Amino acid sequence: MKSRIPTIIIAFVIPMAAIILAFPFYNRIEPFVFGLSFNYFWIFSWLFLTALCLYIGFRLDPYNDPKVAESSAKALEKAKAMLLDEGTNGKGGNQ
Amino acid sequence: MALFVFSAILILSLVIAVMSKKGAIGSSMDDVMTASGSFGAFLIFFVSVGEIYSIGTMIGAPGAIFANGATYGTWFICYILLAYVIGYFLNPAIWRMGQLAKAVSIGDVIGWRYNSKGMQVLVALVGIGFLTPWIQNQYAGMAILFEYLNIGVSFVAAVVISSVLAFAYIAIAGIRAPAWVSVLKDILLIAAIVVVGVAAAVNMPGGVGGIFKTVAETKPEMLIVPTEPITKSVTFVMSTILFQMLGFYMLPISFQALLTSKNEHNLRKNSIYMPMYMIMFPFLVIAAYYAVAVIPDLPNKDFALLAIAVDLLPNWVIGLIAGGGALTAILVMAISALCVGGLFSKNILGVIKPNMPQKAMTNWTRIATAVFLIFGMLTALYFPALMANVITLAYGGLTQTIVAVVFGFFWKRATKWGIGAGIIAGVVSLAMIKNLMLVPWLGMNFGFWALLINLVVAVIVSLLTKPDAVAMKRFEAFKAAKPNQAK
Chain Y
1 MKSRIPTIII
11 AFVIPMAAII
21 LAFPFYNRIE
31 PFVFGLSFNY
41 FWIFSWLFLT
51 ALCLYIGFRL
61 DPYNDPKVAE
71 SSAKALEKAK
81 AMLLDEGTNG
91 KGGNQ
Chain R
1 MALFVFSAIL
11 ILSLVIAVMS
21 KKGAIGSSMD
31 DVMTASGSFG
41 AFLIFFVSVG
51 EIYSIGTMIG
61 APGAIFANGA
71 TYGTWFICYI
81 LLAYVIGYFL
91 NPAIWRMGQL
101 AKAVSIGDVI
111 GWRYNSKGMQ
121 VLVALVGIGF
131 LTPWIQNQYA
141 GMAILFEYLN
151 IGVSFVAAVV
161 ISSVLAFAYI
171 AIAGIRAPAW
181 VSVLKDILLI
191 AAIVVVGVAA
201 AVNMPGGVGG
211 IFKTVAETKP
221 EMLIVPTEPI
231 TKSVTFVMST
241 ILFQMLGFYM
251 LPISFQALLT
261 SKNEHNLRKN
271 SIYMPMYMIM
281 FPFLVIAAYY
291 AVAVIPDLPN
301 KDFALLAIAV
311 DLLPNWVIGL
321 IAGGGALTAI
331 LVMAISALCV
341 GGLFSKNILG
351 VIKPNMPQKA
361 MTNWTRIATA
371 VFLIFGMLTA
381 LYFPALMANV
391 ITLAYGGLTQ
401 TIVAVVFGFF
411 WKRATKWGIG
421 AGIIAGVVSL
431 AMIKNLMLVP
441 WLGMNFGFWA
451 LLINLVVAVI
461 VSLLTKPDAV
471 AMKRFEAFKA
481 AKPNQAK
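For the protein sequence lines, the chains are Y and R, in the order given.
Residue numbers for the first sequence follow this note's numbering, so the first one is 1 and each next one is one higher.
Residue numbers for the second sequence follow this note's numbering, so the first one is 1 and each next one is one higher.
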């Protein structure tokens, strides 16, 4: 399977850095952009940019590869089977 | 006219609820609570946004920006936005563990992973402790809505109608009804906020720029997060965002919404769309600052958005806003009360009486749902201010369960004693810090310190206690279910 690191960088590290780490940088009124104070301009832009980052991350994410999705559905069934010989069906079960 | 639009919206919602019914009354617990994990991407989206954006988004958020400025605006928008980023990675794992645990609630998942009934009860109690004031808060929002808009429905009548509708949704079709009604609710909520935001911008000389320029000249402190005093400072806001984004998916209602998904792929896809829904926030912020610039002398900060609507918009739009607001409150009440019902009947009653038949449990869920709605209704009518501040504390307490969930995924050796002691230490220290009114140490949010105490206690106690063989085996099963085994 391909690495998940590009997804983590694009869909996690970049939005976190832009919103948390860059906070002291964008916490200012001027310059006004599209009539908004700079901080609100920045935050509103990141509503769209975060969606974009998640989209790119999603496209790069090996977990979304149909083959991986299929094999992970099988892995889930196998894991469920592993639990069957527990005797009980699990405390969270709905017997 | 307003009354007509308002009534039409509520009737339409009931029609949708009836149409969503598919194998409902008397059906299994899975079906009532999570629609047996049958939702595709479309319904997952609406059930998620349905319960997140409550009447607080329409009333409380603009009110708080109106009163506190950018400190509140920044915090509120950023923590929700980043929660979606976390959710992209966290939600599929929660869902996977939910599948293995056959879970319908957060209590099920944590109780299963640590092989502990005690944990199940503890988590359920913390969850109910949050949801009770949350339901009451919806009524409080409605009180403001009906007091101010005055569309010809008294607050008492509105409260009774809402409670009946909220219960009717659940009784008709469990989680399915609120999921479908949420489609209507979210369109109306966005429409109401966008209309008010646009009306504010259009009626201000200079449009959006005019609003922000005016505020920058007259009240610049409203547009920026100050460095003093410390409780509003930059580090405080940043640590609050960090702390709260971790708690977001620990809300029992968010957690339950995840479990309705058919597969984990849909949950990842959903995370992409969630920030797009936040498109309403710019309009909300514009409306709030319009109120700061033009109508700064409101008797109650929570009237901010509604006052603009009444000043600038025609009567039938007021009906739309009243209907959208009421439906938002009803929907959140319905999902929350259902969630409380499930936590109570499955994770508390189910532990006390382990052999309870499926049908009895579903009935208990309905009874508990009704009891909590009535309780919320009575407190809203007779003690409206009672629980206003409980929510922050409860949210802080609820966030403490993130340690249980993350250790559940990554640390085989974590024991129920460690996790339980951690949650209790976190909740107790949070309550102590809050009540002693200490100054936040290093300018960091209280909850952040409580979480750190929780983490340390969980690690130490886990290492000191004997690991449970069943719990470790379940960890192995969870690991085996991870997607990276693909060739």
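Derived by calculation from the structure, the hints in this document are not laboratory data.
Computed from a predicted structure; not experimentally measured.
Don't take each hint at face value.
Said to hold, decoys possible - Have a look at the derived ranges for each label pair, beta carbon to beta carbon:
| no. | chain 1 | residue 1 | chain 2 | residue 2 | range |
| --- | --- | --- | --- | --- | --- |
| 1 | Y | 17 | R | 218 | 27 to 37 Å |
| 2 | R | 432 | Y | 69 | 43 to 53 Å |
| 3 | Y | 49 | R | 466 | 46 to 56 Å |
| 4 | Y | 81 | R | 434 | 22 to 32 Å |
| 5 | R | 38 | Y | 74 | 42 to 52 Å |
| 6 | Y | 21 | R | 276 | 19 to 29 Å |
Note that the Cβ used here is the ideal one computed from N, Cα and C, for glycine as well.
Here is how each hint holds up against the structure:
no.	hint	result
1	Y:17 x R:218: 27 to 37 Å	holds, 34 Å
2	R:432 x Y:69: 43 to 53 Å	holds, 47 Å
3	Y:49 x R:466: 46 to 56 Å	holds, 48 Å
4	Y:81 x R:434: 22 to 32 Å	violated, 47 Å
5	R:38 x Y:74: 42 to 52 Å	violated, 20 Å
6	Y:21 x R:276: 19 to 29 Å	holds, 24 Å
Going through the hint list in order, the structure does not satisfy hints 4 and 5.
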